[in-house]
Amino acid sequence: MELLTNGVGLSVVVFFPLISAFIITLIPKAQEQLIKGFALVSSLITFVLSAVLLFQFDFSSADKLQLGNKISWIKSINANYEIGIDGISLPLLVLSTFITVLAIIYSIEHLPEPKSPKGFLALILVLETGMNGTFVALDLILFFVFFEIVLLPMYFMIGIWGDKTVRTVSGFKNQIETRLYASIKFFVFTLFGSAFMLLGFLGLYYRGNKTFSIPELIELGTSGAFTGTFATLVFAVLFLGFAVKVPMWPLHTWLPDAHTAAPTVGSVLLAAILLKLGSYGFVRIAIPILPEQAKAWAPAIAILSAIGIIYGSLACLAQTDLKRLIAFSSVGHMGFVMLGIASLTPIGINAAMIGMVAHGVITGLLFFLSGSMAHTYHTRDMGRLGGNMKLLPKTGALLGFTAMASLGLPGLAGFWGEFMALLGAYNPLDGLNITVFRTSMVAGAIGTVLTAGYLLWMLQRVNLGEPSDEWSDKDLHDADIYELSAWIPLVVLTVLIGVFPKLIFGATNDAVIAMLSKAFGG
Amino acid sequence: MILPRKSKYYVAAFALLGTLFSLAPLVIQWANYSSPIYAFENSFVVDKFSIILKGLFILITYLTFLLSINFIESDKYYQGEYYYLLLSSLLGALIVSSSRDLLTIFIGIELASTPMFLLSGWKKGDRKSNEGAIKFFLLGVLSASLILYGFSLLYGLSGKLVFSDISSYLLSASLANSPVVLLSAILVISGIGFKISVVPFHSWAPDTYEGAPLPVTAYLSVSSKATGFVALIILLTKVFAGSGSSWGIILVIISGLTMTIGNLVALQQNNPVRLLAYSSISQAGFILAPIAISGITGDYQDGIFASVTYLIIYAFMNLGAFLSVHLFSNYSGSSNFYEWGGVARKSPLAGVLTTVFFFSLAGIPPLGGWFAKFVVFRSLLGSANSIGIILGVVGAINAVIALVYYARISKVIWMDELKSSNEEKIFQFENPLKVVGIFTVLITFVSGIFPGIFSYLGEVSSIFFGN
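Quick mapping for you: the protein sequence lines, in order, are chains A and B. Note that the working numbering has the first sequence beginning at 1, numbered continuously upward. Note that the working numbering has the second sequence beginning at 1001, numbered continuously upward.
One should not assume that every hint holds.
Computed cross-link-like contacts, EDC-like style, restricted to lysine to aspartate or glutamate with a CA-CA straight-line distance of at most 16 Å [what the hints assert, rightly or not]: (1) A/K115 with A/E32; (2) A/K390 with A/D478; (3) A/K518 with A/E216; (4) B/K1124 with B/E1210; (5) B/K1123 with B/D1207; (6) A/K115 with B/E1417; (7) A/K164 with B/E1417; (8) B/K1160 with B/E1041; (9) A/K164 with B/D1416.
Footprint (simulated), chain A over chain B, 3 or more residues, beta carbon under 8 Å [said to hold, decoys possible]: (10) 1361-1368; (11) 1373-1386; (12) 1393-1406.
What the hints contain is simulated information worked out from the structure, not anything from laboratory work. Beta carbons are placed, not taken as given, at the ideal position from N, Cα and C, and that holds for glycine.
Here chain A stands alone, though its shape is the one from the complex (with noise of 0.2 Å):
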């Protein structure tokens, strides 16, 4: 059982799924049954092995780093591979191995053109090494590359895999493909936040004894070592880098396109887990590092995530595109999951951490129902869409469900981010200004109503009323054994979730008081 805790445990969940993407390149081609059917052990194994340390795990101190390891990685610099879990990371960590598992069932019989399940699968492991990776990271550098090994995957994926459709792009002379354009988008996007981000990092490690130890630059953080135009700057690089990839409103450009280039596959784990990495890496690194700062900030951050919760319902309002309906509902959910963290309360961010968790499920089935139809249908154009529910019955009622789920409604998982979160924003941290707060609740508030109307409204257009003719001697297909594998799993979680918000809690709310109460005292 040691080596489960000595920190052997989390590295094998960071690395076993690279080992086996790079396996898989090995594997001829022509061999898809072994290929597919390895990738699904590897990835289960992973997520099995998550859930062996879950129970290895000690919740009764969940606000300490457990399970993890510190070895000497590169001494020049002073970087380490520093690993560990607390309640913030461990519910993270978990998503992200079980989203993997069902995102490769997904993709057994599912592939976007061309095919070519070997390097598919091969990258969605190295998606899944990268995600893991930041989040048992503690240590700056080790975050950093962990935060960057994303992109090369997700690149690939949206380039290779995504959307051919040709359409126009200001500011390109010819018409592009969608996945061609929103591919670069991304990566671009992506790299210029974290390229200052890591000049922040660079920074702190300067001002803070040459460390890039996480556990040891938030001991010098709280006790008053990053002050002054040096802490703001810091803030604002890292600030930066963390928000593109939430993504926070004016930044969040990249991810409509992203979503909508994206294979089925890709918008899912990209909803589900990469937009946490930026969240993350708010509750992880920037408050608890910098306190005065966040405190400084939180004004600033909560308008901009009311202005994302409007503008992102708004925007949804207007979408013809089922898919970039989702994508543009994202906008609005993470605005929730920021608005929980600039109140630096335990309320707000234990919002944040299960809005987190909510909005991965969720969202993630919701991108896996909309791909899904949008294979069958060959159109995601949502005024040709109608009466899917006498169409396809199972994909309509999950579509149903899911909508539900996602606009809030009590008893499901997406309720008690929203909730919580306005909770958290009414009564701020002692000291931030509530007029600013108590305007981005009501903000938020109104969001939620706006957030009801356009899922409805959705539901109305692409679920109910009578199927046009278009379809009447095409043969659908509903949903088969490998999709409902994968997405029934969602369902039972958004279920569990919101009846026994506990599971979640009951790892996050320990640390998170822990990381406030360090933070900015009481």
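Starting from the structure of chain A, add chain B where the hints point.
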């Protein structure tokens, strides 16, 4: 001592063996190393710094030979002379890394670059090759004369040749910041600026790179550049260390301009060789940045560590990038990379290698290039100097711009449609080239995942300053 053997049978196999063999004394020296050994009245030194760089130069030459074998045989070029000239250039590079006086270093620099004038015009019937070689030759002569003017000022002032004598003379006579010494430094920087092709001395590079045979271009952009940088590092830190604050500013400006202009022009290229030419100009800006800042702050150790680490990583990934260009332009018969659509599907191995090299050049973890960029940013921010921080921000923006054109190659080869004219062709990936590919890709990965191996450079650059 560690010179490659020049045999009478100028054939590829012998050149390869000889080059590899010349690594042996280096290994022995490294193993038995105790303290720097001086020879020829302090004008030649063997220290860890020079041993590492010699190893680098020999490896680069070895890989260039491997790149050349098929190329040279296929076109009935003069084989013997080809290897002879490359080996001469290598000898020059080896001399530079050990030299500690004005004459030796000048001979080294010129021995390294003169053979390249000939080699860059190797494709005799090709007009571009001739044009490039002439440009290179004329500017090369200009650069040599600039360096010589700079040296003659120093010699006239101090009457000494050995670096340590000159710098102690300049210090004792408190001449380090006198106009003459500054003029000399500027002349030397300009002269070597041509060799490392930094703005505004870069204009020859794209034309010469495009005209020269591809292995020669690879060698030019890696080894010649590295030689120039080593010479610059040695001269600036051993001779002009006292006037660092003045040349530091000049280099900061050059470095910022080089990164930016190289990048912006590279964005417009459709010829892969010209793209790599401008990319290597931009990379030179990054290599120069830590040296520039160390001039201002006086912390040479950190600056040299960053520059040399960058040089080493850059050397291998850039060689790899040239290998990719070689493979794909041979395959598609086109020197416009937009014609390469979908070729990665014909040879996934070549496709993966290309992707690795180009994204490594862009600095994406976990490939080696990220660590190179990282140490540069580290030394810039570590200066805690506002100029350094501004240069760091410029570098960060440039790193993002560069991604656009580096990613474009991968986009074309993976995401575009395969051209129908290419469908039937068989992809040629000869064994020597595979060796180059696998070797450079391994180094690229290892240096990205375990950058700890560069830690020794930290102590090496401190040894470099202990003497």
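Hints broken by the structure, by number, lowest first? Violated: none.
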